[in-house]
Amino acid sequence: MTMNGSTLEIIDGEKSIVHIEGAATIDSIAEIHHIFQEALNHHLPLIIDLENATEFDSSFIQLVRSLCYTLNNGGHPPLQFVQKIIPEKLMEIIRISGFQFHPMCTRSSNAECVSYKIANSLLHIKETPQ
Numbered sequence: 001m002t003m004n005g006s007t008l009e010i011i012d013g014e015k016s017i018v019h020i021e022g023a024a025t026i027d028s029i030a031e032i033h034h035i036f037q038e039a040l041n042h043h044l045p046l047i048i049d050l051e052n053a054t055e056f057d058s059s060f061i062q063l064v065r066s067l068c069y070t071l072n073n074g075g076h077p078p079l080q081f082v083q084k085i086i087p088e089k090l091m092e093i094i095r096i097s098g099f100q101f102h103p104m105c106t107r108s109s110n111a112e113c114v115s116y117k118i119a120n121s122l123l124h125i126k127e128t129p130q
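For the sequence shown, counting from 1, position 22 maps to 22 in the working numbering; every step adds exactly one.
These are computed hints drawn from the structure, not numbers from a lab.
Keep in mind that a hint or two might mislead.
Claimed, not checked - Computed spacing ranges between beta-carbons, pair by pair:
| id | residue 1 | residue 2 | range |
| --- | --- | --- | --- |
| 1 | Gln-62 | Glu-88 | 18 to 26 Å |
| 2 | Glu-92 | Asp-12 | 15 to 23 Å |
| 3 | Ile-96 | Gly-75 | 16 to 24 Å |
Claimed, not checked - EDC-like, lysine to aspartate or glutamate: derived pairs with alpha carbons at most 20 Å apart:
| id | residue 1 | residue 2 |
| --- | --- | --- |
| 4 | Lys-15 | Glu-51 |
| 5 | Lys-89 | Glu-38 |
| 6 | Lys-89 | Asp-49 |
| 7 | Lys-89 | Glu-51 |
| 8 | Lys-89 | Glu-21 |
| 9 | Lys-15 | Asp-49 |
| 10 | Lys-15 | Glu-38 |
| 11 | Lys-89 | Asp-57 |
| 12 | Lys-89 | Asp-27 |
Positions of the beta carbon are idealized from the N, C-alpha and C atoms, including for glycine.
Please model the complete structure; the sequences and the hints are all you need to start from.
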């Protein structure tokens with residue numbers, strides 16, 4: 001599925017990868033939200049790839065926070081990212097918005113919420129899809 005440059009890729013029926021392409025801002029957030037919903041419909045682990053994202057704003061942070069909450073409450077595996085380090089452009093928005101000061105949500109003692117990882121700029125290392 002492709003909308004506004006971002007895509008959903010299903011890998012061997014085992015995981016969903018949302019590739020964010022271009023701007024992840026208020027102008028494209030409805031399309032990104034639609035892709036996240038489509039990914040959730042597959043009931044697979046969800047991974048976000050930010051490699052080709054060029055711009056972010058607080059609407060994207062809010063959407064990721066909401067997605068984390070939805071995954072947590074639905075008993076899904078925690079949201080993960082392909083990248084080990086969050087892009088500096090996204091970290092800047094997180095700092096400006098003050099999100100790093102909120103413990104947004106938790107899953108369990110063994111898996112931290114993606115929002116916490118965003119706040120601390122460290123993410124699970126995932127293999128880049130081939």
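So which of those numbered hints doesn't the model satisfy? 2, 3, 5
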